[in-house]
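Enquirer: Please take these sequences and the hints and turn them into a complete structure.
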Amino acid sequence: MTKYPMTVQGAKALEEEHAHLTKVVRPKLSQDIGTARELGDLKENAEYHAAREQQGMVEARIRDIEGRMQNAVIIDVTTIPHTGKVIFGTTVEIANVETDESVTYHIVGEDEADFKLGKISVGSPLARALIGKEEGDVVAVKTPSGVIEYEIVEVRHI
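Throughout the sequence shown, residue numbering follows my numbering, covering 1 to 158 in sequence.
Label pairs and their computed distance ranges (CB to CB):
(1) ARG26 with THR99: 46 to 54 Å
(2) SER145 with ARG26: 43 to 51 Å
(3) LEU21 with SER145: 35 to 43 Å
(4) SER145 with GLN54: 36 to 44 Å
(5) ALA60 with GLN31: 18 to 26 Å
(6) THR78 with THR99: 28 to 36 Å
Straight line, CA to CA, 30 Å or less: simulated DSS-like cross-link-like pairs of lysine-lysine:
(7) LYS142 with LYS119
(8) LYS85 with LYS133
(9) LYS3 with LYS85
(10) LYS3 with LYS133
Everything labelled a hint here was simulated from the structure, so no lab data went into it.
Note that CB positions come from ideal geometry on N, CA and C, so glycine has one too.
Expert: Below, the structure is given as structure tokens:
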């Protein structure tokens, strides 16, 4: 069985989503289905069919979250000694060697990745290139527009 790395924050967010779906959304959908059933003929009852479809999607998401949490390896980077190396869960400031443009990324699990928030998946090409490197190292990352070199400016455990 494959295990998936996840930060403490990512695990907490999944647990909160699971609680919301099971304690708020699921009961509301059951109530909506019951109300729609009372409207009569189920064959042509759009409200009933819409509620049942939504219920199916919610139940699938609940199972997905439960499976991911069961196979998650939760890593608290704050408990790992800071060595200046890039590891899962660290926040890395990198600078484009050519343009000197600086950007900061937090390396997280697949489910937590959100590029707009500066969170990149541990499986992304950039993260794979950075993992194991240290502050001051230069890494080459293959992108669709060609190879880009980045210097690791700072590694933080947050």
